[in-house]
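Protein chains: 2
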Amino acid sequence: MSTTVDLDRLLPGRVVTDPGIAAGYAVDASPQAVALTGDEFTVVRARSREDVVTTLRYAAERRVSVVPQGGRTSTTGSGEALPGAIVLSTATMTSVHIDPVERIAVVGPGVINADLKAVAAKHGLAYPPDPASASMCSIGGNIATNAGGLCCVKYGVTADYVRGLEVVLPGGEVMRTGRRTAKGVAGYDLTGLLVGSEGTLGVVTEAVLRLVPLGDPPLTVLAVFPDLAATVAGIEALRTQPHTPSLVELMDGPSIAAVQAYGDYGFPAHAGGVLLVQSDRPGHAGSDVQRYAELLSAAGATEVAVAEDRVEADLLLEGRRALNPGLKARGDHIIEDVCVPVGRLGELVAAVHEIGARHAVGTTCAGHAGDGNLHPCFFYDRHDPVSQQAAERAFDDLVRVAWDLGGTLTGEHGVGSLKVDWLAEELGTAEVNRQRAVKALFDPLGIMNPGRGIA
Amino acid sequence: MSTTVDLDRLLPGRVVTDPGIAAGYAVDASPQAVALTGDEFTVVRARSREDVVTTLRYAAERRVSVVPQGGRTSTTGSGEALPGAIVLSTATMTSVHIDPVERIAVVGPGVINADLKAVAAKHGLAYPPDPASASMCSIGGNIATNAGGLCCVKYGVTADYVRGLEVVLPGGEVMRTGRRTAKGVAGYDLTGLLVGSEGTLGVVTEAVLRLVPLGDPPLTVLAVFPDLAATVAGIEALRTQPHTPSLVELMDGPSIAAVQAYGDYGFPAHAGGVLLVQSDRPGHAGSDVQRYAELLSAAGATEVAVAEDRVEADLLLEGRRALNPGLKARGDHIIEDVCVPVGRLGELVAAVHEIGARHAVGTTCAGHAGDGNLHPCFFYDRHDPVSQQAAERAFDDLVRVAWDLGGTLTGEHGVGSLKVDWLAEELGTAEVNRQRAVKALFDPLGIMNPGRGIA
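Chains as they are written, first to last, in the UniProt record's numbering: chain A, 1 to 455; chain B, 1 to 455.
Just so you know, these hints were derived from the structure itself, not from any lab. Heads up, a few of these hints could be off.
If chains are identical, the list can't say which one is meant, so a pair holds when it fits in one copy or spans any two.
Unchecked claim - Straight-line C-alpha distance at most 25 Å; calculated DMTMM-like pairs for lysine to aspartate or glutamate:
1. Lys122 - Glu236
2. Lys439 - Glu308
3. Lys328 - Asp264
Looking at chain A on its own, in the form it has when it is part of the complex (with noise of 0.2 Å):
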């Protein structure tokens, strides 16, 4: 391609010029991802901001279309290459700085979610938001879809951690949004509004992110139900005591199913339903733990095991994380990322079984409990269209009646190009067009990740 040719010279070094190697660049971790070879599209991979700004201001002159890419991890498809666009990859961006009298960090958004935790650990802080993916994804990548997972029920998503963001703009612009003190009302929030843009206003080329003082490792309970109505019981229980559990994570019996065979990570075969339950609470996480059992259990719980030391909780919660690779090893599938208000998760639990059912499909019903966002999967087989499609109905049915509940169609995960003809139903036109206008106001032409988040 001329944009690989051309980007080559004005970034020699940054460029991916073997279309074997390019081709490792085309898909994120969408079950539903098709694969581009590597010569359909270019790879850039920026060292510094220099580089984000000289391949921005070429795609304006030349216009062609840019998907930022971190980790990859996107369940959404927008991180995926686009014919003929750049793909320009902030993955070896991973500068980390500490500064643990302010208690911030300045990372470069490449740096991967567990590698700022176990730097920010070193000095007593900690980083909370935490994906499944925590292992694989990058800060960036988080800020664009203002990623949230296990942690969110105690501590919120990453929105709640980025306070101010450097950005190049579509032209190659540089933008300093927000602040590095603890406090600022300035002008309006423009952080705000590029945390979660899915990658379509520009590209993050550094973040200060606000930490906090590391708690006391959790302790976990895990507590085995005989189907899915006790398990919401379970859930509905916890939420009777005061106090936040740091943790409420569900699997029903298939995602274990999933997991277990993904690998030994000590779940129980033959479960309707499991809850992972933490407390991090500094002196109250043992006396938080045993109250969790005794409402498990009174909930109806067969089985209710405290994690006995920090190395089974840790394989348990591995276990967990490692439920996306497990389903994607199970086969083709589409991930739900619905979230209801909490009050109303045993309808949605029950919708997800029930449209399976309907549709003939298999599914998987998992998430993060406490927030009542979950991520149900629809199974299919990609070489029969009948499955497919089925699937997808399925899909459907359970965005509608994540509305019907109160909810939304992502909580999480972003809308990428898999949401993308759904948010204006959610939000209506009036709304879309005014995030179209946003949109404009940062990306005149339209060549940010197109196609993903708004369209």
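With chain A's structure known, arrange chain B on it following the hints.
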């Protein structure tokens, strides 16, 4: 005014037709406010969203400016009447609905902050944002300024608690942003853009606010220091421990004198500086305040007292909250709201007194020491132009010091009219132009609170 006549016909019973009563809506709590007479503007007391729609539709048709008004506690002039404008008060829109399962409050903009706290407490829940004016300021105003206050060091600011908004835009269109669910990332985050927009984009008619479990009653330490340098040493000593106190407030000697002249709140005479420090950690507050007391003594406090009971602690906090009226009683002044990185707080405090001495103006120095956000005042006599100019120069000098220390001109009060000429210098021309374009998307006629926040 014809506007008054027109709107009285459109909104019978909502328009203040008596200029004497209208005059009560002329100013906010800005020390430099100069009152218009009640016949120079029109006051609409909206009772509903529809009243706001009617008012904003009329305003757009007639190109009349609109000043949204809540509890009129702004210190930056953002709520002062403008000549010929409609002052649109939402003070009587005070509905509150608490959903204890979702842990949200759905409120009208006129609800007083302290009233919301009291209602939430009945459900075992808390609304943390806590401006010193909590007993007078409205949630709509808190949202307009992204208000902070005494809790921020541990609990953050208003933006951290706003899940969604209903906003009437110029021309009368009703817009809904955000969500009622715990998480949700469909579309750009326009909720965050509206929070802190100082009434320049639209009028909030309903807010969905996140609540948290009600904590234990905090325990309070009062530490008295011989001078401000020792006081700063005390603040730094607190920072050596891992967890975050729930409140760290600084007052210098002249601030204490102003408070005690306003009422006896139990503060000591002849202190160089005092710190109020709280812990609300369940099960740890007692040991926390003992450790604070030891750290503060070691840092040079001449007197350290743990409040013996709730009454004594409440009286001290009430005294801190009485600071602004106490300063007003002391005399004419300009109030700062600079925020610097917490590690530079000592330099900022030193600069306040150096600048005051250099310009020979009276100063007070107080504020949210845990955040690096101070509210120093420079006093003058409005009948003495020389003294006023000196105070203005001192104010300007302190803004520059804050910038030199890596800070911002406003931590929480907002830009208002007071600092609008400074904004471009802090953000840069390109950024201010981008923000003007954002404003124009919402308010193409430029009639929403013109000259405040951004100009």
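Hint check results:
no. : hint            : verdict
1   : Lys122 - Glu236 : between (37 Å within a copy, 21 Å between copies)
2   : Lys439 - Glu308 : neither (51 Å within a copy, 56 Å between copies)
3   : Lys328 - Asp264 : within (16 Å within a copy, 68 Å between copies)
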